[in-house]
Amino acid sequence: MSVLQRDPQDQVRVLDEDGAVVGEVPDIDDETLVEMYRNMRLARHFDTRAVSLQRQGRMGTYPPLSGQEGAQIGSAIALEEDDWMVPSYREHGAALIRGLPLKQTLLYWMGHEKGNKMPEDANILPPAVPIASQIPHATGAAWALKLQGKTDKGVLCYFGDGATSEGDFHEALNFAGVFDTPNIFFCNNNQWAISVPRERQTASETIAQKATAYGLDGIQVDGMDPLAVYSVTKAALDKAKNPDEGELRPTLIEAVQYRFGAHTTADDPTVYRDDEEVERWKAKDPIPRLETFLRETGRLDDEKIDDIESDIEATVADAIEAAESDPRPDPSEMFEYAYAEQTPEIRAQREEFEALREKVGDEGFLRE
Amino acid sequence: MSAQNLTIVQAVRDGLYTEMNLDDEVLVMGEDVGKNGGVFRATEGLWDEFGDDRVIDTPLAESGIVGTAVGMAAMGLKPVPEIQFSGFMYPGYDQIISHMSRYRTRTRGRYTLPMVLRAPYGGGIRAPESHSESKEMFYAHEAGLKVVIPSTPYDTKGLLISAIRDPDPVIFMEPKLIYRAFRGEVPEEDYTVPIGEAAVRREGTDVSVFTYGAMTRPTLEAVENLEEEGIDAEVVDIRTISPMDRETVVESFKKTGRAVVVHEAPKNGGLGAEITATIQEEALLYQEAPVKRVAGYDVPYPLYALEDYYLPSVARVEEGIREAVNF
Ligand SMILES: Cc1ncc(C[n+]2csc(CCOP(=O)(O)OP(=O)(O)O)c2C)c(N)n1
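These protein sequence lines map, in sequence, to chains E and B. Residue 112 in UniProt numbering sits at position 112 of the first sequence, and the numbers go up by one each step. Residue 164 in UniProt numbering sits at position 164 of the second sequence, and the numbers go up by one each step.
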């Protein structure tokens, strides 16, 4: 029986908090397992560095992900190369797996438009800041694949628990059910939407159960257990591409987890949540959990971990160096992309802008 | 009256606090407005003071926030919903345009909506994508709404209290660039600043510069700089962009014969166009030079690495004024 065939309340788990096996270990080769671990460590290290760059004034507001590595990496690794990913604004780790270089992610949060340009060969849509607004895009993208006869591809869409309150979430799931599109809706339920707890978003017992209203499968998974996340995502993806007779393609996954840090670097969580809660969740940290499992099954040892550690440090340092030494964007770029062909107005405004810049210099624009 | 020295965001809080104390029917609702006190701290301490039923953390749903406020207002409450950033008003836009603006008309006066929809707006704070737009004209274009944009702490409190007491729905847009940029005297008591009246911030005879919100400061700075060049400019802070105080605009223009409009909203269809048309309609024969618009460009608001180039700067305003004067 598929892992998806269970009650929405029955949370899928593979590893317990100490990394001991309590469920069915998914069929993943050793290399991928170690890769999963490496990427989770990479995402964590990237995150730590990004927060510190913001603190040093080298980057703007940034949304941290620490605590969510299991959900991000575990799910993204389950995708095949041809599948698509539709992120919110916090999926730096998952985006990396999909082929978005860390440098791009840094540039984006450093306020450079260039960071929004996804590599041609990466099947990923740009980050979406307005909450839940990307979920209908994911339905549309999956619908397009189906209409184009490409049912060997699926679309994985990420959003938070807060997003499930928006109309867009409900409209997207409803369409997905009606048009039977190959979607995986992946809710990162990190318990908080800035200061508002999950109980203030919905009176339903789980988020997973909302799927029922749209005729979809809904499943809850321990979002800090990367193997469990991998399992359910893989199963949902298989079903999206090859549903059984009478089975609908789309699935809603609720990955129960916690974001250790602030909502963004502009936020102060001490105003609304207690340390005790944070500590309780830190005990479920996905990284040591997977590490224990990999060590105990002989896939990882001190030496390999040292290698991984120095490798990820160098990778992140290089990305930061590359982002910071990237040439500053040319201000005229502003006018470049609003239309395929510049309208007469925009051409005139661009000329006026360039003439003025010539005259007053950059000092005439830059504020302190 | 005893006065305090407050920033604009503190004046918002003070206005809400003052009016909530005076009128039990006033309540505040929105995302993170309760325990967190708002992401900009505009509702700080109100939850402790007035409790869960008057300072309400809602689910993350702008259509729900605006729509339920419409229902509350129809029943006689005075909700003051907050939209966290004006860039996130669009999920609630349907409710704003389809209902909030039209209730009185549709019901032939049987129902009205005494509600105030507040939102920080505008750029210049190095915020992420979708956090810096200046889309006030979406609402100014909609009959049945009043659209207020303060630029000083004193006006903020006085206009907000007027808005809450107004029987009609008001969109209250707060220029977040100057939320904390400076302080000003704000009386502790309740007082009002009338909606629909512009303020002449500086008198002058050579040219009228019309502006509002966060652009008032660079405009005043530019005008000061131009004094040395012998240009004596008048600065009019529009304050209520709908209904706009046409009388003050026309009066000022008749005095100077030249006009510059400064706003960060895109030029196309911005308030500058409305001011220019008003001048054409009502003071054509006084006109000495084309009206100059110094505005945001007609491109999507850039990520913050380039936002300084997008927003009207002091130098840009100066150039605009010189052009109008030297025509
Ligand atoms: C439509 C909209 N409304 C409000 C916001 C402001 N905002 C940004 S993130 C956030 C909370 C999001 O919570 P959740 O969906 O749970 O995702 P998380 O950030 O916790 O991963 C809010 C209110 C926004 N970005 N978009």
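Misleading hints may appear alongside valid ones.
[As the list claims (entries may be wrong)] The calculated DSS-like cross-link candidates involving lysine-lysine, where the alpha carbons are at most 27 angstroms apart (straight line), are: (1) K103/E x K241/E; (2) K35/B x K114/E; (3) K254/B x K114/E; (4) K304/E x K284/E.
[As the list claims (entries may be wrong)] Not close to chain B: a few residues of chain E, all C-beta gaps over 10 angstroms, as computed: (5) T48; (6) N116; (7) P127; (8) T151; (9) E166; (10) R299; (11) I312; (12) E363.
These are computed hints drawn from the structure, not numbers from a lab. Glycine is no exception: its CB is placed at the ideal position from the N, C-alpha and C atoms.
Hint check:
Between K103/E and K241/E the CA atoms are separated by roughly 33 angstroms; this puts the pair beyond 27 angstroms, and the hint is violated. Between K35/B and K114/E the CA atoms are separated by roughly 37 angstroms; this puts the pair beyond 27 angstroms, and the hint is violated. Annotation: proposed proximity of K254/B to K114/E is violated, straight-line Cα distance about 47 angstroms (limit 27 angstroms). Annotation: proposed proximity of K304/E to K284/E holds, straight-line Cα distance about 23 angstroms (limit 27 angstroms).
Chain B leaves T48/E outside its interface by the beta-carbon criterion, the shortest separation being 20 angstroms against a cut-off of 10 angstroms. With a minimum CB-CB distance of about 8 angstroms to chain B, N116/E fails to clear the 10 angstroms threshold, and the non-interface call is violated. With a cut of 10 angstroms on Cβ distances, P127/E falls inside the contact zone with chain B, its closest approach being about 8 angstroms. The claim that T151/E lies off the interface holds: its Cβ sits roughly 32 angstroms from the closest Cβ of chain B, which is beyond the 10 angstroms cut-off.
Once the 10 angstroms rule is applied to beta carbons, E166/E is inconsistent with being away from chain B; the minimum gap is 5 angstroms. Residue placement check: R299/E keeps its beta carbon more than 10 angstroms from all beta carbons of chain B (closest about 39 angstroms). Residue-level check passed: I312/E sits 26 angstroms from the nearest beta carbon of chain B, beyond 10 angstroms. With a cut of 10 angstroms on Cβ distances, E363/E falls inside the contact zone with chain B, its closest approach being about 8 angstroms.
Checked against the numbered hints given earlier, this structure breaks hints 1, 2, 3, 6, 7, 9 and 12; the rest are met.
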